[in-house]
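The listed protein sequences correspond, in order, to chains L and C.
Using my numbering, the first residue of the first sequence is number 1, and each one after it goes up by one.
Using my numbering, the first residue of the second sequence is number 1, and each one after it goes up by one.
Because the hints were derived from the structure by calculation, they are not lab data.
Any given hint might turn out to be false.
Selected chain L positions facing chain C (in silico; Cβ < 10 Å) [said to hold, decoys possible]:
1. Ser63
2. Met65
3. Ala97
4. Leu307
Each residue gets a CB set at the ideal place from its N, CA and C atoms; glycine is no exception.
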Amino acid sequence: MGEQKGLTIQGNMATALGAKLSRPDVIPAYPITPSTLFPEKISEYIADGELDASMIRVESEHSAMSACIGASAVGARTCTASASQGIALMHEMLFIAAGMRLPIVMAVGNRAMSAPINIWADHQDTMASRDSGWMQFYAEKNQEGLDLMILAFRIAEDERVLLPAMVGIDGFVLTHTVEGVQAPAQEDVDEFLPPYDPPHGKLDPEEPMTFGSLGTPEYYQELKYDQTKAMDNTPEIIDEIFDEFEEKFGRNYNRITPYRCEDADIILLTMGSMTGTARAAVDEMREEGEKVGLAKLTVFRPFPSDLLKEIAGDVHGLAVVDRNISPGFGGAVFAECAGAFINEKKSPLMKNFIVGLGGREIFKKNFREMYEKTKKAVETGKVEKPVEWINMDEDVMR
Amino acid sequence: MMSEDEKKELLASGHRMCAGCGEGTAMRTILNEAGPNSIATVATGCLEVTTTAFPQTAWEIPLIHAAFENAASVAAGIESALKQMDKKGETNILSFAGDGGTFDIGFQALSGMFERKHNVTHICLDNEAYMNTGIQRCSSTPYGASTTTSPKGKYSIGEDRPKKPIARIASAHDIPYAATACIGYINDLKKKVNKALEADGPAFLHVFAPCPTGWRHGSSDTIELAKLAVETGVFVLWEAEDGNICDLNVTYKPKERKPVEEYLKKQRRFAHLTEEHIEKIQKEVDEKCEEYGF
C-alpha cells in the first residue's frame, strides 16, 4: 500500500482531490459560491496534466446535470459540484439522473436558499433534494469530504446500487477553511475504485437501447418501486464498503457515528460541520457529570433508521439539530428521526432545534442550551415546544 | 453496400404519431441518412411521447430522453464523454427537439452547446406550436395562427407576433453549418443532413414539418402544405456555412411564387383571417423574399 500524503487544504480542494483520485472522465460544472473552487481545481488539474478528463464549462447548472446524464449514459465516470440556487436549478435533472440509475457524484458546498440571497452555510439546498432519489452524505471536516467523494463513487457504481450520490460540505465553514488531510495514494484508490463499466448497458450504437422512456400508469409505479428498492438495499452495501475503506485507508465511517452514547440519557443528533462544536460541548457537559451523548449523521439518504434506533432507542431524550427548516413543520432531519421511531413501543422524547441558518454561528453554549431544554422536557415528561429556534438575535427581531 | 430495399429503417414502424404527421417523414429521412452509427438525444415532446412508450421503442439507434429543455446539453455530455474515452470515432451525435424545445425552453442549452463547439447536430422539428400539450403558441408560431393560448376572437387575430428567425440566430453563433429544410423537399433535406453531420463542429437543421392536428388540415395534405410553404415563400430553404448569414445560400427558389393565400386557406388555424390580414401577411412574405433575393 502506498503512503498517504499529508496536505493542508480547503474543503473544496479536498472534495476536488477526492474527485481527481477517483479518475472521472467528464466533469460538467458551473461556478457557484461556495463550491466554485471545485471546478477551478479540476480545471487546474487538467491544465497541468495531472488529470486526464474532459471538463465541460456549461452555461448553467441545469446543463451541468444534463451533460452529466449524457456522459454517464455512455459509460463515463462523471461528477460535478454545486450549491444552493444551482442545485435548485438542476432540481428536475436530479430526479432524472436517479430514475435512469446513473451513478453520478456531486460535491456540494451546502448553502442557504434565497430569498434573501445568502451565500453562507446551511442544509436547505440539499434537503430540498431529499426526495430526488440521490444518496446523501455529509462531512464533518475536510478529510471526510475527500474520503466521501471516493466512497460516493464506489457506492454509487456498485452493481447492487447504481444510484447517484451527493457529498455535502458546509459552505465556508468547510469549503473555504484550511484543514489538514491525509490524501490516499493513487494506486490504492485505483484498487479500491476500479474503472466504471455500466453493468446493464449504455448508449452504444453496437447495441442500441432507449433511455428515458415514457412510463405509462401501467409501468411507472413498478419502475419507481424497483428504484426505491435499490435505495432500500444500500445500507448494508454502504456498511460493507465503509468497512473495506477502513481496512484499506484506516479511517472509520458509519452511517451514524455515536460518541459517548453508551450510558447517555440524552443524545444530540447533528449533521455536518457543527458536529465538532457539539462534540466539544458534550465533553464539557460530561466533565460536569451530565449523561449526554452525540450522534453524528453522515448518511442522510438512505436514512439510517435502524442505527438510530440502536443508538437512541433506550435514551430518554433526543435533541435533533437541524440546519434547515421546512416551514409548516420543522427541521427535515427531525421529521426523519420522528419517522424512525413510529410504531416502536419505546421512543425517546424528541425535541427539534433549528440553528445556523444562512451561516449563523453555532456555539458550544447553543448545544448546552439545547441539552438543557431537552433535559427539562425529559424531567417534566412534557415537550411543550417540539421545534425551537436557537441563537436568535432579539435586536434583529424587534 | 446495401441496396435500398435491404436497408433497415432506423425509425421502426408502429410508432404512435398522428396520421399525416410531418415529423414522421422528417425522422425517417434523417435517421436513415445518419445511419446506425449514431446516438440521439430527444427533448420531451410529440416525438418522444410517440416513439418511446415503455416497453416499446421505435428507435433502432441508441436514444436518451432526459427532459424538455436540454436535448443539446445531454448531447454535449455524450460527445465530450465519447471523445474523452476515445470512443467518438465516426459516431454521429444527434440532438432532436421540437420548436418549443429549440426556440423557447431549450434555447439556452442549445446556445451553450453551439458556443462550446461540440460536434453535435441539433435538429429542430418545427410544427409551429406546443403540439404535445395541445397546440399552445410558441415563439415559432406564425402571425395570424389561432392556437389554444393565442386564440382568434372578437379582439384577437390569433398569434400577433412574427415567427422568431431561429436558424439565423443559430447561425449567428458562427457554427460551421446551419440550414433550413422541409419535408416537402426530401432530397434537399437529405443533402443538408449529410452536410450537417460532416461539419467539423456544431450544426443546426431547422426542419419544417406540418402538423395536421395542430394546423387543422387534412392528414393527406401534409406534403402538399409543406411544399406550399416553400412555393409561397412563407418558409425559405437556405444554408449558411461558418455563420455567414449575410451570404447564405438559398437552396431552392420557386420559379414563380404562389400567393400565400393558397397556403393559408388549407389550414383551419388561419380560417378566421380576413382579406386584409392575408394582404398584410403577403406583404411581409414579399419583403422577406426580397431580402433572400427572389
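A quick look at each hint next to the structure:
Checking L:Ser63 against chain C: minimum C-beta separation of about 4 Å stays under 10 Å; hint holds. For the restraint placing L:Met65 at the interface with chain C, the shortest Cβ-Cβ distance is roughly 9 Å, inside the 10 Å limit, so the hint holds. Interface restraint check for L:Ala97: the shortest CB-CB distance to chain C comes to about 9 Å, inside 10 Å, so the restraint holds. Taken as an interface hint, L:Leu307 does not check out: its beta carbon lies about 35 Å from the nearest beta carbon of chain C, beyond 10 Å.
Hint violations for this structure: number 4 only, all remaining hints satisfied.
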